[in-house]
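Colleague: Residue numbers (UniProt numbering), protein chains in the order written: chain A, 1 to 462; chain B, 1 to 462.
Keep in mind the hints are simulated off the structure, nothing from the lab. Just so it is clear, the structure is predicted and the values come from calculations on it, not from any experiment. Ideal placement from N, C-alpha and C gives every residue a C-beta, glycine not left out. Where hints are given, some of them may not hold.
What the hints assert, rightly or not - To give an idea of the interface, some chain B residues facing chain A are shown, with a C-beta separation under 7 Å as derived from the structure: (1) N104; (2) G189; (3) A408; (4) G410; (5) P425; (6) L460.
Stated by the list, open to error - The calculated DSSO-like cross-link candidates involving lysine-lysine, where the alpha carbons are at most 27 Å apart (straight line), are: (7) B:K38 x B:K137; (8) B:K297 x B:K38; (9) B:K297 x B:K212; (10) A:K212 x B:K156; (11) B:K137 x B:K156; (12) B:K212 x A:K156; (13) A:K156 x A:K212; (14) B:K58 x B:K137; (15) A:K38 x A:K424; (16) A:K212 x B:K212; (17) B:K156 x A:K156; (18) A:K156 x A:K137.
2 protein chains.
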Amino acid sequence: MTAPDVRHALGSTLADADILTEIEDLIPYGFDGTATLKERPLAVVFPRSTKQVSAVVKWAREARVPVVSRGNGTGLSGGSVPVAGGLVLCLNHLDRIVELDRANLTIRAQAGVVTQDIFAAADAAGLFYPPDPGSMKISTIGGNVAENSGGLRGLKYGVTRDYVLGMEVVLADGSICRLGTACVKDVAGYSLRDLFIGSEGTLGIVTEVLLKLLPRPTARRTLLATFAAMDEAAATVSAIIAAGIVPCTLEFLDRRTIQCVEDFAHVGLPTDAEAVLLIEADGHPAAVDDEVAHIEKLCREHAATTVRVAADAAEATRLATARRSAFSALARLRPTTILEDVTVPRSELAAMIRDVEAIALKHDVQIATFGHFGDGNLHPTILTDERDTAEMHRVEAAITAIVEAALARGGTITGEHGVGLAKKPFLRRQLGDASYSLLQLVKRSFDPDGLLNPGKIFDLPA
Amino acid sequence: MTAPDVRHALGSTLADADILTEIEDLIPYGFDGTATLKERPLAVVFPRSTKQVSAVVKWAREARVPVVSRGNGTGLSGGSVPVAGGLVLCLNHLDRIVELDRANLTIRAQAGVVTQDIFAAADAAGLFYPPDPGSMKISTIGGNVAENSGGLRGLKYGVTRDYVLGMEVVLADGSICRLGTACVKDVAGYSLRDLFIGSEGTLGIVTEVLLKLLPRPTARRTLLATFAAMDEAAATVSAIIAAGIVPCTLEFLDRRTIQCVEDFAHVGLPTDAEAVLLIEADGHPAAVDDEVAHIEKLCREHAATTVRVAADAAEATRLATARRSAFSALARLRPTTILEDVTVPRSELAAMIRDVEAIALKHDVQIATFGHFGDGNLHPTILTDERDTAEMHRVEAAITAIVEAALARGGTITGEHGVGLAKKPFLRRQLGDASYSLLQLVKRSFDPDGLLNPGKIFDLPA
Numbered sequence: 001m002t003a004p005d006v007r008h009a010l011g012s013t014l015a016d017a018d019i020l021t022e023i024e025d026l027i028p029y030g031f032d033g034t035a036t037l038k039e040r041p042l043a044v045v046f047p048r049s050t051k052q053v054s055a056v057v058k059w060a061r062e063a064r065v066p067v068v069s070r071g072n073g074t075g076l077s078g079g080s081v082p083v084a085g086g087l088v089l090c091l092n093h094l095d096r097i098v099e100l101d102r103a104n105l106t107i108r109a110q111a112g113v114v115t116q117d118i119f120a121a122a123d124a125a126g127l128f129y130p131p132d133p134g135s136m137k138i139s140t141i142g143g144n145v146a147e148n149s150g151g152l153r154g155l156k157y158g159v160t161r162d163y164v165l166g167m168e169v170v171l172a173d174g175s176i177c178r179l180g181t182a183c184v185k186d187v188a189g190y191s192l193r194d195l196f197i198g199s200e201g202t203l204g205i206v207t208e209v210l211l212k213l214l215p216r217p218t219a220r221r222t223l224l225a226t227f228a229a230m231d232e233a234a235a236t237v238s239a240i241i242a243a244g245i246v247p248c249t250l251e252f253l254d255r256r257t258i259q260c261v262e263d264f265a266h267v268g269l270p271t272d273a274e275a276v277l278l279i280e281a282d283g284h285p286a287a288v289d290d291e292v293a294h295i296e297k298l299c300r301e302h303a304a305t306t307v308r309v310a311a312d313a314a315e316a317t318r319l320a321t322a323r324r325s326a327f328s329a330l331a332r333l334r335p336t337t338i339l340e341d342v343t344v345p346r347s348e349l350a351a352m353i354r355d356v357e358a359i360a361l362k363h364d365v366q367i368a369t370f371g372h373f374g375d376g377n378l379h380p381t382i383l384t385d386e387r388d389t390a391e392m393h394r395v396e397a398a399i400t401a402i403v404e405a406a407l408a409r410g411g412t413i414t415g416e417h418g419v420g421l422a423k424k425p426f427l428r429r430q431l432g433d434a435s436y437s438l439l440q441l442v443k444r445s446f447d448p449d450g451l452l453n454p455g456k457i458f459d460l461p462a
Numbered sequence: 001m002t003a004p005d006v007r008h009a010l011g012s013t014l015a016d017a018d019i020l021t022e023i024e025d026l027i028p029y030g031f032d033g034t035a036t037l038k039e040r041p042l043a044v045v046f047p048r049s050t051k052q053v054s055a056v057v058k059w060a061r062e063a064r065v066p067v068v069s070r071g072n073g074t075g076l077s078g079g080s081v082p083v084a085g086g087l088v089l090c091l092n093h094l095d096r097i098v099e100l101d102r103a104n105l106t107i108r109a110q111a112g113v114v115t116q117d118i119f120a121a122a123d124a125a126g127l128f129y130p131p132d133p134g135s136m137k138i139s140t141i142g143g144n145v146a147e148n149s150g151g152l153r154g155l156k157y158g159v160t161r162d163y164v165l166g167m168e169v170v171l172a173d174g175s176i177c178r179l180g181t182a183c184v185k186d187v188a189g190y191s192l193r194d195l196f197i198g199s200e201g202t203l204g205i206v207t208e209v210l211l212k213l214l215p216r217p218t219a220r221r222t223l224l225a226t227f228a229a230m231d232e233a234a235a236t237v238s239a240i241i242a243a244g245i246v247p248c249t250l251e252f253l254d255r256r257t258i259q260c261v262e263d264f265a266h267v268g269l270p271t272d273a274e275a276v277l278l279i280e281a282d283g284h285p286a287a288v289d290d291e292v293a294h295i296e297k298l299c300r301e302h303a304a305t306t307v308r309v310a311a312d313a314a315e316a317t318r319l320a321t322a323r324r325s326a327f328s329a330l331a332r333l334r335p336t337t338i339l340e341d342v343t344v345p346r347s348e349l350a351a352m353i354r355d356v357e358a359i360a361l362k363h364d365v366q367i368a369t370f371g372h373f374g375d376g377n378l379h380p381t382i383l384t385d386e387r388d389t390a391e392m393h394r395v396e397a398a399i400t401a402i403v404e405a406a407l408a409r410g411g412t413i414t415g416e417h418g419v420g421l422a423k424k425p426f427l428r429r430q431l432g433d434a435s436y437s438l439l440q441l442v443k444r445s446f447d448p449d450g451l452l453n454p455g456k457i458f459d460l461p462a
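Construct the entire structure; sequences and hints are all you get.
Modeller: Structure, rendered in structure tokens:
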């Protein structure tokens, strides 16, 4: 199979401009947001309807060509890297918000709609779409569903899964199928919808989603506290939870991240602090005021060196920038930035952060850590240079050690970035043989020819 | 295979008293809470550990004996009726709350723990387990997970699925496997946990669950409004949602239910009302006060004939009794009570209630309707007599008409009771051929011998 073969075969299905086959056009579709992973596809296609997706998949099946679906390629586990070559099926022309239903608090959108646009459409109607992955200004909702993306509001509002009511998917044989309904309660058969959420394009291709919305919280306040000792920050988080408070976000930056962010964004962070907590409360104004006052008191009781409550929305945005810019700030330091994504039960988080520090020392690699303290989701960020082979070996050893530490603490190898290629070597260890085999069984049932995003999550025995 | 064969074969695995084989002992395990469905099992076994469950399943597989798992048999779709004979595996001796983890807001419990005990254990720790199926004082958490049970708090708090972080299951080959972790965020592989939730014992047997808890809301207030016209009640609900208010419960009773409940529980309901809304708000005290005041105003603007806000907890309980006793009150009227469970998008609810009234008239059957107005989940309750063959034919026609009306309105054949036997004839119509075949494919993959709760949800082609 050659690129001209693909153009010839799909020319009657897709417009000429919706098929890319020139090498220079293919390069951008060979990688995603994950460092060091690249492959070149045979061709890239841009269907403009579910029917076209179906036709492409049917053809690919007959021609036995792998199909990797993707949106805007912001993934952080290599999920859309076309490791087996074949077609990249890019859904970003399926970019229509189909319906916002105010009576039923739902929004229906095609897979290629940018997450931020879902949020904005809901917001304009006085409603709220909570999942806010770091990439939401670029990432598409189809990608979010494929990865079950999280974000900063996970503690209070959950993740993408918690907002997907229904979806349209194209199966491996090209058939089109609707899963779920507009009903909040629906127990008619196994929840295949939930099976597809987080399946990383390996079971089918999600072309449209129906999402649940919430009323927009009427108030929101932001607070930033700095600590000279990380254990005090951790104790503060425990005290907040013990007080029955569930903040909308509860984020953490370590010393290296603080220094970097300050250097980059000039937020006014004390660069000698060992930990920063960024906390947002939202809801009814009186509830938010009480929560913020209570949180401020708890921070001070746990030896916070400074506590700043944003006076207005502008200051809140400035404080939130400290966290939102962490990755960009860190990425400036070294040529290669590897964003880890382990998660542990909340009570293990302080110990896990110390594990990461010890691992960085032991393997002589630079690691800055930030993440979602409230839901135990850490992003140890390794600053390195992929051209330095010796250092990359140490980086690999450090990543393995981080993942093993998370597993030893009852955690998961990936909280929100997915398995893709990056976490494939560790999955069996987390799941155990019985569950791991079940995953493979599901894959074989749904995609018997193994053509949908092959080589991701796990390898299949021949 | 005879009952003595079973006793002989499992005698080394289970205590003698944990195997029932006498006909009079088997009868109670031949039915659940669903009217008119009964079968007799070959034997009933009561394992006391996951290992014993595994041993029983392994033996059953070798002996090719069907296994129907169940808890306390409160199901409302016939899910635990042993239609193919074989073993009933009753999990109610697995009744231990293993751990309540305050730091991580989780509770780990064996499958046979009664739902109310989960709620009470959380409550005693200042925490909150929201799912509250009508049967929660008797039903077990394993059954709730198997059916993905809902309840009265679904609008604000979701259903059982939204609280299951992890589980231990025994698969069809007897292997024991853990799904999910204690992490709120976990995207390591397909969510098999979600596939098992609501799978009605057909894919494996859930032996232990790890549940998420919330902080207990600090305030709760209850309000009861009566309406002379059902449309006004529906308009009130729409206005509440449009105002950005999500009450904890938002329940509805129709005229016949009101009359019955008043006759039974003497709550002081006006028996000439056409609709009653029972509304509970919970959360921060100031938020609750604002919500209740706003809701009261909206009720009055939409021509409520009376609005009663409970002055204290005792009065709130009395008002809530009106809704909680609906089923028991109705069940006194005729020998057989069939509780339907269709759900439609919220905006279709008033029309759906009128559909049900027209269907009752057309088929000359008595139907009283109550349910969860907030999440579109209706329980049209058919009052009949299963000994009257002619009437039962009319009842069957009415049920079919109700289910078809729900589907025509974009709804589901079951909101919270499951498919089991009762909804099996309608499932394919809701899902369409492609999804329906996928369900069968999943079943065949997980249970190739078809021995786990056979004949439920769908039939398999030979």
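Colleague: All the hints need checking, so say for each whether the structure fits it.
Modeller: How the hints compare with the structure:
no.: 1; hint: N104; result: 5 Å, holds
no.: 2; hint: G189; result: 5 Å, holds
no.: 3; hint: A408; result: 13 Å, violated
no.: 4; hint: G410; result: 6 Å, holds
no.: 5; hint: P425; result: 12 Å, violated
no.: 6; hint: L460; result: 14 Å, violated
no.: 7; hint: B:K38 x B:K137; result: 23 Å, holds
no.: 8; hint: B:K297 x B:K38; result: 49 Å, violated
no.: 9; hint: B:K297 x B:K212; result: 35 Å, violated
no.: 10; hint: A:K212 x B:K156; result: 12 Å, holds
no.: 11; hint: B:K137 x B:K156; result: 21 Å, holds
no.: 12; hint: B:K212 x A:K156; result: 12 Å, holds
no.: 13; hint: A:K156 x A:K212; result: 16 Å, holds
no.: 14; hint: B:K58 x B:K137; result: 32 Å, violated
no.: 15; hint: A:K38 x A:K424; result: 16 Å, holds
no.: 16; hint: A:K212 x B:K212; result: 21 Å, holds
no.: 17; hint: B:K156 x A:K156; result: 13 Å, holds
no.: 18; hint: A:K156 x A:K137; result: 21 Å, holds
Hint compliance for this structure: hints 3, 5, 6, 8, 9 and 14 are not met, and every other hint is.
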